[in-house]
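Residue numbers (the numbering used here), protein chains in the order written: chain G, 27 to 280; chain S, 3 to 307; chain L, 11 to 325.
Hints are computed from structural coordinates only; laboratory data are not their basis.
Incorrect hints may appear among the rest.
[What the hints assert, rightly or not] No farther apart than 25 Å at their CA atoms in a straight line, the calculated lysine to any residue pairs in the SDA-like style are these:
| no. | chain 1 | residue 1 | chain 2 | residue 2 |
| --- | --- | --- | --- | --- |
| 1 | G | Lys221 | G | Leu171 |
| 2 | G | Lys221 | G | Tyr248 |
| 3 | G | Lys192 | L | Arg209 |
| 4 | G | Lys192 | L | Lys171 |
| 5 | L | Lys171 | L | Leu120 |
| 6 | L | Lys91 | S | Arg279 |
| 7 | G | Lys192 | L | Glu208 |
| 8 | S | Lys189 | L | Thr172 |
| 9 | L | Lys91 | S | Gly116 |
| 10 | G | Lys268 | G | Arg49 |
| 11 | L | Lys91 | S | Glu271 |
| 12 | L | Lys91 | S | Tyr140 |
| 13 | S | Lys189 | L | Val311 |
| 14 | L | Lys91 | S | Leu269 |
| 15 | L | Lys171 | L | Thr218 |
| 16 | G | Lys192 | L | Lys91 |
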Amino acid sequence: MADALLEIEDLTKRFGGVIASDRISLVLERGELHAIIGPNGAGKTTLIGQLTGEIAPDAGGVRFDGRDITALPVYRRSAIGLARSFQITSLFLDFTALDNVALAVQAHAGHSFRFWRSARRDAELCEPARAALTNVGLGERAGMLAADLSHGERRQLEIAMALATKPRMLLLDEPMAGMGPEESVRLIEILRRLKGGVTILLIEHDMDAVFALADRISVLVYGRIIASGDPAAIRADPVVRKAYLGEGDGGARG
Amino acid sequence: MLYFIEQLLNGIQLGMLLFLLAAGLTLIFGIMDLVNLAHGSLYMIGAYFAATFAEWTDSFVLGAILALLATLVVGMVLEVIAIRRLYGRDHLDHVLATFGLLLFFDEFVRLIWGPAGLTLSLPSEMLNAVQILPGLYYPVYRLVIIGVTLAVGGLLYLLVMRTRLGMLIRAGASNREMVGALGINIKLLYTLVFGLGAVLAGFAGLMQAPILTVQIGMGENILIAAFVVVTIGGIGSIRGAFVAAMLVGIVDTIGRAFVPDLLHAYLSESASSSLGRSLSSMLIYLLMALVLIVRPEGLFPAASR
Amino acid sequence: MSYSLTPRLAVNIVLLLILGLLPVYAALTGDTFVMTLFTRVLILAMAALSLNLIMGFGGMVSFGHAAYLGIGGYAVGILSKEGIDSGFVQWPVAIAASALFALVVGALSLRTRGVYFIMITLAFAQMIYYVAIGLDRYGGDDGLTIYKRSQFGGVVDLNNKTFFYYLCLALLLAGIYAVWRIVNSRFGLVIQGARSNERRMRAIGFPTFRYKLVCFVVAGAMCGLAGVLLANQTNYISPAMMEWTRSGDLIVMAVLGGMRAAFGPLIGAMTFLLLEDWLSRATDYPNLIIGPLLLIVAIYVNGGIDGLLGRARRG
C-alpha cells in the first residue's frame, strides 16, 4: 500500500468568472518525484499557491502526512516539512549565499529572539548552511552576494535554501526556467541525487527534465488534471498528446 | 439643527478642497508611485500667486486664471528638473527629496513675499450671504467653492473616464509597466499628470485664500489631511479620493463643532474645551486607523502591486 | 571585523576624539554654546539611531518617530510639574510610556506596507501631537518649563553641563554598541531579512510581524530615552518636539549619515545640526540652501555620507 505524504482533494479556486483550479485531486507518495506539466495558464501557479498557503481555496482541501493543512498559515508550512522554491527567484539579494541559506536554517532553529550573539559566527547555523550549499554545488560561492550570482547559481541557491530546512517535501516551481543547457544538466543531476530522500513535486515546462526525473506525471489543463500516471503512459496517452504534448514543441524550455 | 446643517455645509466645503488636493496626490501616487511632500507647497504657491496677480490686475477672476497658469508652469518645471529623477527610487528618497523641496518653498515664499502672509479679497458680488433655508444664511462664496469644485470634479471625471489621456492615466494607475510597454511617451504623460496635480493643488489654494489664509506653512497643515484622505480612499483612485474627502471634511468639521459640547455634558468647562479640542483634532486620524484595520489598502484601491 | 584603516574607520576615530575632547576645548575657550550645540547633537543622534534600527535595517520608514521624543520628554515634564523630580521614577516611566505607545502604533501600522505605513505612522504622531496641544495644565501649545532637571538623589548632578554632556555621550555610545550587536544577532538578521524580502522570510518560516513589532518597540523606547535627555537639556517641553517636521528631520539625519552604518546616525545628526546652525547664522534664509541640498543628496547620493566614504558593509 502506497504511503501518501501529500493528498490534494477536490481543490477548487475561482477568480471572478475564471476557474483556476477545478476539483484537483492528487496523491503524492513518500519518496516519489511527481511532475506536473501543462500549458501556460493551466493554473499551475494557483495550485502551488494553495499548497503553500498563500491562496485560500474555495473548496476542497490539502492533507500533509495525514494532517489537514488547508488553512495553515504560510510561515507554518515550512515548520511541518513543506518547503518551496520560487519560479521567479526570490532570494535575499543583498546577503551572501551563505547568509541566505543560514537564514533558512535559522528559521528552524527555534525562536530568533536572541539579541546579542553574532548570528554569522554561530556554528549551529553556518555548518548546515555550508553543507546544503556544497550539496547543490555552490560550496565555492558561499561568500558571494546573491545579487552577484549567475542565473543558474541563483536557482541552485534557491534549492539549497529549500533543502536547508530539512523538508519532507519540496515544491519546485519551474526551477529550469531560463537556464542554459549546461546549467540544466547540472540541476537535473542535483535533483536526481535528491530523489528518494525527499518527496518532490516538480512543476516544469522542460520536458527533458520531466521525463528524466519523474516517477509519475500529472497533466494540468484549464485547472483540471486530465491524466496522471508513469512517464511512458503519459507519453502514449492520446488525450495528453492532443491537449499538450502534440501541440507545437515538446521541449518548451520556460 | 440649522447649526448642524451649516456645519455640514462647511464640512462639505472643506471636503471639496481636500478632494482637489487628494485627487492630485492620488494620481501622482498611483501612476508615478511618488510620495510628494511638496504638494502642499503647490497649494501655497497657488494662493500666493492668486493674491499677487489679483492685486496687479485688480480682478479676482483674472488673478485666479493667471495663478493657475503660473502654478502649472511651476509644477511642470519642477517635474522636469527634479521630480523625474526620483521615479523608481525607494520611497525614502522621495520623502527626503520632497521634504527638501517643502523647506525650500517655504523659505522662498518668505524671501519673496515676506513672513507676514497676504490677503486676497473677495469680489464684491460674493460678499453676501444667501438664505438657503428659513433662518439659515450661508456665505455665497462658500457655495461657489462647493459648486466650482464639483464642476472641476466633474471635468476630472470626464477627463479620466472619457478621454484618451484619461485612459492612459487609469491604465497607468493600475499597471505602470504595461503602459510603458504600450509605447506611450511615458515622460510626457508623467509631466502632464504632475502638472495636473499641481494645478488642482494651486486651485484649492487660491479658492480657499479669501476665506481662510494665505501664509507660509499653510501647505503643511492641509497636506497631512490630504494624505489621510488618500490613504482612506485608496491610492490611485479618484472616486476614492472624493468619497474619502467628503468623509474626512465632514467628520473633521462636525467633530470640531460638536465634540467639545458633547463633552461639556460630562466634564467641566475648561476640561471639556481643551480635551474637546484635542479629541476633535484626532478624529480624522482615528477614522484612518479604523479604515486601515478593516481595509489595509483603503476603500477603493486602484493600484495593483 | 577587518582592522585595515578604511576612510570610514578613520573618520569615526577622529569623530570620537573630537567628541571626547570637546568639553576640554569648551573649558579652554570659554565657549559654552558649542557644548550646548553638541549635547543636542548627541541627543538627537540617539533618536536618529533608534530610527535607523527600524528604518535602515528593518526597512520600516516611520514618519512619526518624533512622537517618542515627545512622550519621553512629556513624561519627565508632567512628573516634574506634579512634584516628582526623581529621575529614578521619571526615566523608567518615560521609557515605558514610549515603549507602550510604540507597541500600540506598531501593532496597528505594521499590518500595512509601503506608503500606507508611512502615512499611518505620521497620523499617529499627529494624534499625540494634538493631545499634547490640548494639555492645558502642561502648557498646551506654549509648552512647559521644567524647573528642576531629573534628580538622582545627589549621586549625580545633571545641572553640570560637562557631566551632562559626557552622560549623553556615554549613553549614545552604549546605544550604538547595542544596536550593532542587535543588528548582527539572530533577531537582527530576521529584521534585515524582512527588509530584504519579506515574502521569502515568511515562506522559510519566520512569523515576521512579531519580530518587526519587537524591533519597533525597542526603537520607540530608545527614542523615548532621547526625549528624556532633550527635556532635561532644554528644561522645557512643548508639542513642537513632536511636530511632523521633526520626524522629517530625524529621517534626514538617519539617511544623511548612511543608513546601515554604526556611526551613521551620529554623523548624520552632526552634519545636519551643524549645517543648520552655521547656515542660520550665515543667512536669514538657510532653507534656501538646505532644501536643495536634501534634494541633491536624495537624488545622487546612495547611502548617504557614509556611502560617500565607501560602501557600507553589507548587512
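We went through each hint and held it up to the structure:
no.: 1; hint: G:Lys221 / G:Leu171; verdict: violated, 29 Å
no.: 2; hint: G:Lys221 / G:Tyr248; verdict: violated, 29 Å
no.: 3; hint: G:Lys192 / L:Arg209; verdict: holds, 20 Å
no.: 4; hint: G:Lys192 / L:Lys171; verdict: violated, 59 Å
no.: 5; hint: L:Lys171 / L:Leu120; verdict: violated, 40 Å
no.: 6; hint: L:Lys91 / S:Arg279; verdict: holds, 22 Å
no.: 7; hint: G:Lys192 / L:Glu208; verdict: holds, 21 Å
no.: 8; hint: S:Lys189 / L:Thr172; verdict: violated, 56 Å
no.: 9; hint: L:Lys91 / S:Gly116; verdict: violated, 39 Å
no.: 10; hint: G:Lys268 / G:Arg49; verdict: holds, 22 Å
no.: 11; hint: L:Lys91 / S:Glu271; verdict: holds, 23 Å
no.: 12; hint: L:Lys91 / S:Tyr140; verdict: violated, 46 Å
no.: 13; hint: S:Lys189 / L:Val311; verdict: holds, 23 Å
no.: 14; hint: L:Lys91 / S:Leu269; verdict: holds, 23 Å
no.: 15; hint: L:Lys171 / L:Thr218; verdict: violated, 43 Å
no.: 16; hint: G:Lys192 / L:Lys91; verdict: violated, 60 Å
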